[in-house]
Structures are given as C-alpha cells and as structure tokens.
Amino acid sequence: MRGIIFIDVQKCLACKSCELRCAVEHSKSKDLQQAIGEYPLPERRVEVETVAELAIPLQCRQCEDAPCVKICPTGAVEKLEVEQPVLIKEQLCIGCKWCILVCPFGVIGMDRGGKAVIKCDLCFERLKDDKPPACVQACPTRALQFKTTEEVTEKKQREYLIKFKTGKEMV
Amino acid sequence: MREEEKSIDKASQELLEIAEKEGIDTAWDRYEAMVPQCGFGELGLCCRNCVLGPCRIDPFEEGPQKGVCGATSETIAARNLIRMIAAGAAAHSDHGRDIAHTLLLTAQGKTKGYEVKDEQKLFSLASELGIKTNGRDKKEITMEVAEKVFSEFGQQHGELQFSHRAPGKRQALWRKLGIMPRGIDREIVEAMHRTNIGVDNDYENLITHGMRTALGDGWGGSMIATELSDVLFGTPKPLRAKVNLGVLKQDEVNLVVHGHEPTLSDVIVTAAQDPELIELARKNGARGINLAGICCTANEILMRHGIPIAGNFLQQELAIATGAVDLMLVDVQCIMPALSSVAKCFHTKLVSTSPKAKFPGVEHVEFREEEALLIAKKIIRMAVENFKNRVKDKVNIPKEKMDLVAGFTAESVFKFLGGKYRATYRPLNDGILSGRLRGAVGIVGCNNPKIKHDWGHVEMAKELIKNDVLVVVTGCSAIANAKAGLLKPEAAFQYAGKGLKEICEAVGVPPVLHVGSCVDNSRILITLCNIVAEGGLGDDISELPVAGAAPEWMSEKAVSIAFYFVASGVFTVLGNPFPILGSREVTELLTRRLEEIVGANFAFESDPIKAAHLMIDHINKKRESLKLKPVMYAEREKVTFGVE
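Protein chains in written order, with this note's numbering: chain A, 1 to 171; chain B, 172 to 815.
The shape of chain A in the complex, shown without the other chains:
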C-alpha cells in the first residue's frame, strides 16, 4: 500500500483518537489496555494542534526530497521510495537534532529517553499488510484519510470544478 495522509481540517473535531491509536501502534503489545501499563510508555507521532479555531492533526509529511534525510550525518534518516515513509534507523541516530532543526513542519521530536529522534513512520508495517496507518483507521470523522497523490489530485480537481460551476464549496 502506498499513499499519503490526507487531512481534511474541516472535519477534525480534535478528539485525539489519532494520537491515542498512534501511541498504541508504537507500543510493544499493540493493545490499548495493555499499552497503558508498559514501560517505557509508548509515544505518539502525531499531535492535534489548534490554529485559529481549526484543529489540525500534524505529522511528518514524508517529504520526497527530505531535508532531514539530507542533513543527517550518520545516514540514520532514510527515504524509501516515492510515497513511502521517511524512516529513522534508531541504532544509527546519535541524537544530534539536526533533523529537528531543518524540519519545516516541526514534526520531529526526541523520544522520552532523549536518546533518539522519533517521527511518524506512516505505520510502514501496517502498509505491508495493506492496512492504512493507525491514525487514519482511528479517525471517527474521516478527517484523516490515506490516499495516493493521484487520488488527492483528482479530489482537488473535482472540488475546484464544482466550485467553478456552482460557486458552492463541495461538502
């Protein structure tokens, strides 16, 4: 499965289900009730931020020409293929934080232990099983969707044409 996380900000109710399921997906047990008792506690890679009354779930955009990949001195940050995630090899990460500095979106952070950086990995293991990322599956309003760029382009075009013809936003 390949694609990008599409965000419809109009639909986000800031319930933070994406944050919760992201942490569960990155836990040892992958089970909510068990994950809350794990040590160390699993960490989320998405954060619902609010800007001017809009709630926006922020996570790594998996840039195709990623500054974090370019700047990493140890080759710990790696972009697989087009529309595939940017991943961090924990063993190679020396915690220099260059990637944090160059990320245009501020979606890379240090882990709880402060040893390595963490970021959204697009749930690459789920993608292998043809499952969308956990945050997408958890979103009750479908504000988060997993789509290929072609699908997103098509949707955008349709929205534009409808607006052009009727003067109304597509709902």
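Simulated from the structure, these hints should not be mistaken for laboratory data.
Derived DSS-like pairs: lysine-lysine, alpha-carbon spacing no greater than 25 Å straight-line: (1) A:K70 <-> A:K97; (2) A:K30 <-> B:K623; (3) A:K30 <-> B:K621; (4) A:K131 <-> B:K621; (5) B:K621 <-> A:K28; (6) B:K781 <-> A:K28.
Starting from the known structure of chain A, arrange chain B on it as the hints suggest.
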C-alpha cells in the same frame, strides 16, 4: 467478520447471512464500522460532566494529566463508573416501581387483567414488612404491602426492608462502612450529586457510594420487582418450554414481546387465549396466535407460563429478519433503536408501549394498567390483521429450537433438593459440605458483539459444570445456555462432572438452572442468604464457595448488578473490563483492595474458560478456608460426551 465468528448459534448465523444478502445492517456491522472505538472512553478518561470540558486525560502521559477543574484520571474514572451504576440502578428500580404501582392499582380495584396470584407470598411479605394479616381483608393487606414497598423508593433515612434479609454479619459490615442503602432513589440522586463538578473528588469515596447505590438496587429495586411480580403474576414453578428462532411459526400469527417488564406481556398471554381473537386469526388465514419473547420480558412469561423464547439481546434484529414476525411489541430497556429500520424491510409492525420509551416513526400504543386487557387485545388484533401482509418469499424461519426447563426460584428449586415433604436447603448445603458439589456460580448479563454471541456464556457454563460447579443463570445468559441445551436435565449426563451429575440425577434438575430475568438476580441474593442461614458454610455470603460472572455484559444495569454482588461478598468476573483501566488506582481498588473492604473483588477476563478457572480457584480457596472436605470427584477421568 464471517457468520461463524459472530455467533455460535446456528439460527443466528443463518439469519445473519440472510441479513447480509438483503443489505440489512445488524449490530455486528455497526460494531465493525465503529472500530476502533474511542480509547479515552474505553479507559474511562473522558469527562463531560461540565462545560469547562469536555476533558480527557492522556494515558500515555504526554498530554494533559488533569481536567480543567483539576480532576485526575482517578476522579474522572470513578465518577464515570458510579454514574453508570446510578443509571443501572435507576433502570431496575423504576421497573420495580412500576410493578409496585400495578399492585397498588390492583388492590384499589382500578385495574382489569390483574389479581394477586400468589397469596401465600403476599402474606409472608406482609408479615416481613410488619403488616398485620390476621382477620384482615386481602385487598387491604395488598394495599398496605404496595404502599409500604412504594415508600422505600422515596425513603430518606433508615434502612431498606429487604436489606435485613442479608446475614447479620453482612448487615453489620454495610453499617460499619456506611453503605447500607437508606432509600432507593436517594442513593441514585446522591450519586448524581457527588459526580457533579467539584463535589466528590475522592475516587474511593465515590466507589464506596457506588456500592451503596448498587445495594439499593439489588436489595431494593430489583428485589421489589421480583417479589411483587411473584405476588401479582405467581411465583414460577419448574416447567418445560422451547427456545430459539425456530419457535416462530409459519402458519400462525407471530407476536413477539421484547423488553423487560411483565406487566403488559403477562396480560398479552391471557388475551392471546381470547376465542374471539383466535377466530379472527383463522379468518385472516392463520392457524392460531403464537407468542414468543426476547430478552427479559420473555424470561418473565417463560418462567410463569412456559411461553417460548425467540432469542436474546443480539437476536432482536434477527427475529424481524425472519420475515415471520407479524408484530413486535416493545416496552423498556435493551430495545435497539435499529429495530425500526429493520422492521421497515419487512411487513413487521413494531409497536412501542411505554411512555418512557418511544421510537421516531414507530406506532405507539400507550400501555395503562387500568385498561391492560383492552390494550393487550388491541395489540393482538393489530398483529392478527398484519398476518395477511406477510411476504411468503421473505419468510425464513430457522429450524433450530431447543427444549429447556425453567422456572426455578429461591423458594422452589433448592427446596426441591430436599423433597416435597422436607423442603429445606439442607441437601444443597450437604452437597457442598460433602464435596459432591464444588460450589455454585451465577452467570448473568447481556450479549455484546465484542464477544462471539453466546460463546462466553455457554463455554463458561460448560467448564463450570464439568468441574462440579452448579450454575444458575438469568437474563440473556439464561437464553444463551438454553439454546445450547444446557437447561435440559439430560445436559447433566453430557456435560456435568460426576458429583453434580449425581445431584442432578437424584433431584431431576438440569445442571444449569434458569432463575429468571435480570431483576431476578435478586433471587440469587436470597438463595445465598438461605444457604448461609441453613448453616455449616460460614456466617456471611463472602465465606461461601460461590462466584458470579457476566461474560458478555454491555448494559449499565450489569454494572449495578456486578457492584451489588461484590458489595454483598461475591467474587465477580466480567468479560469486558469496566471503563476504568485508565486509572491505576481505581483498577487496583476494584480488582484487589475491595476484597479487604467488602470480602470480594472484581476480575476482568474475556476468555470464558480462563474466567471459569478464576472462579473455580476462588471457590477452592473458599472451601479451604471453611476447612471443607476435598471435592469428592476432583481427580475424575475426563468427562466424555454422553458416555460414562
């Protein structure tokens, strides 16, 4: 999800397939669409009690750890849980109140279709309530009993009358802990007050009051519902009947009652025998009028009249999907709003009857006790007249139906063990003392698509009886076990361990005993008191080798039931955890520390076999503390199907 993964019941599997073909949404489909469900809600970490919020606590400790008011995960989880108890206790108690109301109206001569059917029980209740019976008119006694019981709902201080049925040691503990319920409604109101913003912020204090509220249900509202239903409609006696969707009939008018209260359904049973209505059915091309039930209103008329049961909670939509239900009458509780859309796919007429429970777009025939018989006849007439609208091609009645024996009560069954002429609990106690019986377990509660339909109930019951544990069942658990054939006396030969089999054989009872509807869980409390009173097994309920379980629970009523059992001293295992796991302290209190406080605690275990063994271990521990003999056939050979 494949059909076999949804339910172990063949009839349900068959109809789920039909529903899918016809594009009918069922609870399973809606559950799948809802997954993953809100994790904050699941863990009990979401608070909507005021509009400083909604607030939620991040269980992974990155986000907020306190609500806007400062409430911690402990406070929030405990508050949410006792609100569930309050709602559950309210539902049972309001049911009890309705029955008390019917009894009062009947005594005043204002009803048609009701009379006191169990005079003996009326008199014994009267003397328990301190009401004189000698030389007094029955009507007067009935009125006074009803009034006295009625007053318990609004009672402001003192103690509930039926709580005095508990062993003295238990009552003393309740008083010491300050959880002896003062009135039924009062505790529910106080639970709502305490959980209002900025009142009770101490999780332990909240849970303590939750126990008091629940005790007001078990030893108040629910017990009143059971006792007065026995007075009005008769105390059940063992009888044979049939269960599952196969009880619906191809050539008769099928009227299905669904909900919880016996007030209307019992009159429907009488009215359905009206020759005029039967004649009308014939004129409409039907061979007769067939009644069947779903959920606890079904259990009520099964226990007293042997009316067949069509199914349990998760079968309500499937019953309509047979295309053979001409009318489904509903009253209160556990009635899915989805029914109205399923009914639209068929000719089935859905009729709501309670002023408390209406459905948009559904025909409402309001029930009033004063005109019960008239209303019952009106509804039956509607069913009869709808028979001709049945679409033959859409009728799919599964062939599955199972025999069962129901109608056991605290009065009947265990005294049966002693025989007609020396009615006593002695043989039951002796059975446990001698080790022929390991102990007893009550399996109760709902269905929930999170657990394979009926699987939790049936597997648990089989594992327990195999280990010589006598099982009593109520509600949807009773229906699940009935469908699996465990309520037949023959089931003892097939599934029970040697000791339990010997007892079932001697007395002629099944190894799994149906003791009624969900308010009839109070019959289990009374039974436990009787066992303690009979002697030899300690002097409190918490000392008995018994346990309780709700493997497929979902309702707030189940929360209240679970709490009144634990607060009465019964170790209780739940299939789904309470939504409190987000609070370590509340979880610790409920699953461990409560044992030191009330002599019993909760366990959460979704695997019914593992859950059965938690209870067996608990029973063994209790037997050890009572210094009972070892279980008689502990190391017996593996029980094989039907073979000695």
